[in-house]
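Participant: For the protein sequence lines, the chains are A and B, in the order given. Residue 1 is where the first sequence starts when you use the numbering used here, and the numbers rise one by one after that. Residue 1 is where the second sequence starts when you use the numbering used here, and the numbers rise one by one after that.
Warning: the hint list may mix true and false statements.
Pairs count within a copy or across copies, as identical chains cannot be separated in the list.
Lysine to aspartate or glutamate pairs mimicking EDC-like chemistry, simulated, CA-CA at most 16 angstroms apart [what the hints assert, rightly or not]: (1) Lys24 x Glu64; (2) Lys222 x Asp443; (3) Lys222 x Glu309; (4) Lys24 x Glu128; (5) Lys329 x Glu128; (6) Lys222 x Asp420; (7) Lys396 x Glu241; (8) Lys222 x Glu172; (9) Lys329 x Glu281; (10) Lys8 x Glu293; (11) Lys396 x Glu115; (12) Lys329 x Asp443; (13) Lys8 x Glu322; (14) Lys272 x Glu365; (15) Lys24 x Glu406; (16) Lys272 x Glu63; (17) Lys329 x Glu241.
Source of the hints: derived by calculation from the structure; they are not laboratory data. Note that this is a predicted model, so its numbers are computed, not measured.
Protein chains: 2
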Amino acid sequence: MALSDLIKIERNEAGIATVLGILKQRFGDRLQTGQDVRRQHAHTTTYIPNQPPDGVVFVQSTEEVQEIVRICGEHRVPLVPFGTGTSLEGQTNAAGGGISIDMMQMNRILAVNPEDLDCTIEPGVTREALNTHLRDTGLFFPIDPGANASLGGMASTRASGTNAVRYGTMRENVLALTAVMADGRAITTAHRAKKTSAGYDLTRLLIGSEGTLGVITSLTLKLYGIPQAISGGVCPFPSVEAACNAVIMTIQMGIPVARIELVNALQMRAMKNYAQLDYPESPCLFVEFHGSEAGVAEQAESFGEIAAEFGGGPFLWTKVAEERAALWKARHHAYWASLTLRPGADSLSTDVCVPISRLAECISETEADIARMGLIAPIVGHVGDGNFHVMVLIDKNDPREVAGCEEFVSRLNLRAIAMDGTCTGEHGIGQGKMGFLELELGDSVDFMRTIKNALDPLNIMNPGKILPIVH
Amino acid sequence: MALSDLIKIERNEAGIATVLGILKQRFGDRLQTGQDVRRQHAHTTTYIPNQPPDGVVFVQSTEEVQEIVRICGEHRVPLVPFGTGTSLEGQTNAAGGGISIDMMQMNRILAVNPEDLDCTIEPGVTREALNTHLRDTGLFFPIDPGANASLGGMASTRASGTNAVRYGTMRENVLALTAVMADGRAITTAHRAKKTSAGYDLTRLLIGSEGTLGVITSLTLKLYGIPQAISGGVCPFPSVEAACNAVIMTIQMGIPVARIELVNALQMRAMKNYAQLDYPESPCLFVEFHGSEAGVAEQAESFGEIAAEFGGGPFLWTKVAEERAALWKARHHAYWASLTLRPGADSLSTDVCVPISRLAECISETEADIARMGLIAPIVGHVGDGNFHVMVLIDKNDPREVAGCEEFVSRLNLRAIAMDGTCTGEHGIGQGKMGFLELELGDSVDFMRTIKNALDPLNIMNPGKILPIVH
């Protein structure tokens, strides 16, 4: 089924009008219905159509979320939680209209417990705001999906990013959640113990559920000590395969690499043009190591030896922060650099994840498909996890280009699934990948639907995401 | 409500008789109904009463499990998956009778993928069998709950153990499961990608569900390279508090300790008697570091400095395997040593987990409660996670002692919950802690029940565990 068919949901016009009236009375100017605000609160980051909500409420407490959920439930009106709007698969679209709940005014840091290496925050805190707040404690929160996303949104989409290979994803780094469920009750899924065997893992069930089971209103997160030392650098390889083999060996050897990013030849070329840097135009690995002074030097040296075994090098690395930033520049500016490959074009970022033994094959086939279709689409990967992104540069107003891009992404998803992988390693299903979930997980999707129906019988919680509506 | 009331479930005598007849015909000698076999397939490890199933089927394939689940469903007969029977909270008891499904003949290692650091196995493979099989690959599976448990059982109870502080628990180390659900369908919850954002996390929902949502019939596990070097040792401290403060500092400094175990003074005394070893009779930390030759020496030295800051020492450590085994002897033999404190007594092992900042306080209050009650009950803890065990030595045929022990454990659970912790860090809820789940998690338990009812509407999957039957 085409995406345009999957994302259609019937609107409950009468219910929506009633709810808007009630919310206006209750929230005054904190309910916004202007067209710009509504458009900004729907999907804006790829070619997936923008489906604005009918109103946006800027909430300030769990109790307010409970109130809105109850009102929406009573009148069968959909609601969509909203953070920074940086999700990439249409998660914030209001497919059947309804109310967007903007969580960004819930941005208090409720507690930081340095001895326990944890903190409790409201969902509108962004990762950068949290790390700025933590700076004096010597602690940090490692998950970095690129965008300065809200932590509630990152939990909802099970986000990860460049250093998941060392620190895990949101799945591993959320200890507990408070969430408002479809009946308006707020639950706390766990407390602050580092591990628990007490009952079903509702924390993990809510993480990655993209607002379809509950609205997250607080999170307890694991924190880490800022490493005593960091080393990092960049190493070119003769081929993607050689680079992937070096990654496999690095991980097998137990070198606790903190980041290991692949940038393909096209992306390196973009970077050269963008920043006039003296990089080679071949696939490169950008690596970073966290640990003690002696440890990070040892790790970098071991990595350099492994890279050389697979024909990589020279491996340029440093322990000096400014020099490291310079070496990593090509990776940090990848997004902006890639845009220069086709000035004026829109970008579509998609992601898949495969077992690392299949990664070189998956990337090579994808590069061949890109060439065959004449697309401009550089590749960047969190290759320690077998996860990579293709950024397709298209004109999203040209239906033929959009259709071509959909075809390309479809083949990419199927390729990853056929290689024992997944159609999304970190962006989520949203609307964009709904058509692939059942191909990947078969009957499991039926049981997901059973859970969704049981926990949200009126289907008001971000409907039409993850699980296609059965018409 | 007393445990004895919580664990009563009505028996469906007619259904059970019918199912036994069908299974006899289908499975012949692989259905066993002798009293000894039945008793062995129920709870045998603590004072929780033994509730034997009516028959035990030794299954050999997912398809056989599907068949049994369908037969049990048709006749409304409970089924209980069974591994090694080493669970500690009554998870294997057949509260309403029914069929025990013995998974131990499903013990094939289906695939080992060294490049991807993963393997796929049947649930009856034990952790020792897996590690023996892996020995030549240079890989290992780290989770070690003490007992040589089946990996299916370990997933079902969300087990962990001594090195969870470094490698995580079963929650973090299972990539995917195959499970037979209550309607007899087998699902695969994920594939082999290291991370995924594809839909609800059914893998994590099944892990820790103790057989109440599905029967696990295969697991894909993460593996790790055997560390190049290991250092380890033992360090006495003037008090539990001093030891806990050293643990906090070690973790805050980011020293990647692989194991950090607290043994309290009473347990150290038991050990001295048991093995005539020259240990001090004060609380000790047993530590282990995994990494490169230089790394593990550096880590041990850093730990020694931290220990000294808190009055600990001398810290005896080594990189030589045999010497390390000797230093760790007191920890490895803790169970047998503790039994010598009261020869002939039965043991009850219970566990709680609290934020590490509350650990010293929680242990001290517990030690005071033990003294006040005149119990003999040494303490051993996986203190890097804030998790500790009390082993109460009782005569389980003396109802007054059992009642006293229940009281003590009840207060321990409440103490941990009041400290923002959990009534179980790794043993699970089973029957033994059913009375505490709602005190810990409030309305969350209602949503667990909603999920249970939706996925197992006939309540045939290990009923009366985790969630008390509402009469």
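Participant: Now, for every hint given, state plainly whether the structure supports it.
Facilitator: Cross-check of the supplied hints:
1. Lys24 x Glu64: within (13 angstroms within a copy, 59 angstroms between copies)
2. Lys222 x Asp443: Classified as neither: same-chain Cα gap 33 angstroms, cross-chain 24 angstroms, threshold 16 angstroms.
3. Lys222 x Glu309: Close neither inside one copy (37 angstroms) nor across copies (26 angstroms); limit 16 angstroms.
4. Lys24 x Glu128: neither (33 angstroms within a copy, 63 angstroms between copies)
5. Lys329 x Glu128: neither (19 angstroms within a copy, 46 angstroms between copies)
6. Lys222 x Asp420: between (30 angstroms within a copy, 15 angstroms between copies)
7. Lys396 x Glu241: neither (32 angstroms within a copy, 62 angstroms between copies)
8. Lys222 x Glu172: both (9 angstroms within a copy, 14 angstroms between copies)
9. Lys329 x Glu281: Classified as within; 15 angstroms inside a copy, 56 angstroms across copies.
10. Lys8 x Glu293: This pair counts as neither: shortest intra-copy Cα distance 56 angstroms, inter-copy 60 angstroms.
11. Lys396 x Glu115: This pair counts as neither: shortest intra-copy Cα distance 50 angstroms, inter-copy 39 angstroms.
12. Lys329 x Asp443: Answer is neither; intra-copy 44 angstroms and inter-copy 49 angstroms both fail.
13. Lys8 x Glu322: neither (50 angstroms within a copy, 67 angstroms between copies)
14. Lys272 x Glu365: neither (25 angstroms within a copy, 63 angstroms between copies)
15. Lys24 x Glu406: For Lys24 and Glu406, the Cα distance exceeds 16 angstroms both inside one copy (40 angstroms) and across copies (55 angstroms).
16. Lys272 x Glu63: Neither, since 51 angstroms and 57 angstroms both go past 16 angstroms.
17. Lys329 x Glu241: neither (23 angstroms within a copy, 46 angstroms between copies)
Going down the numbered hints, you'll see the structure goes against 2, 3, 4, 5, 7, 10, 11, 12, 13, 14, 15, 16, 17, while the others check out.
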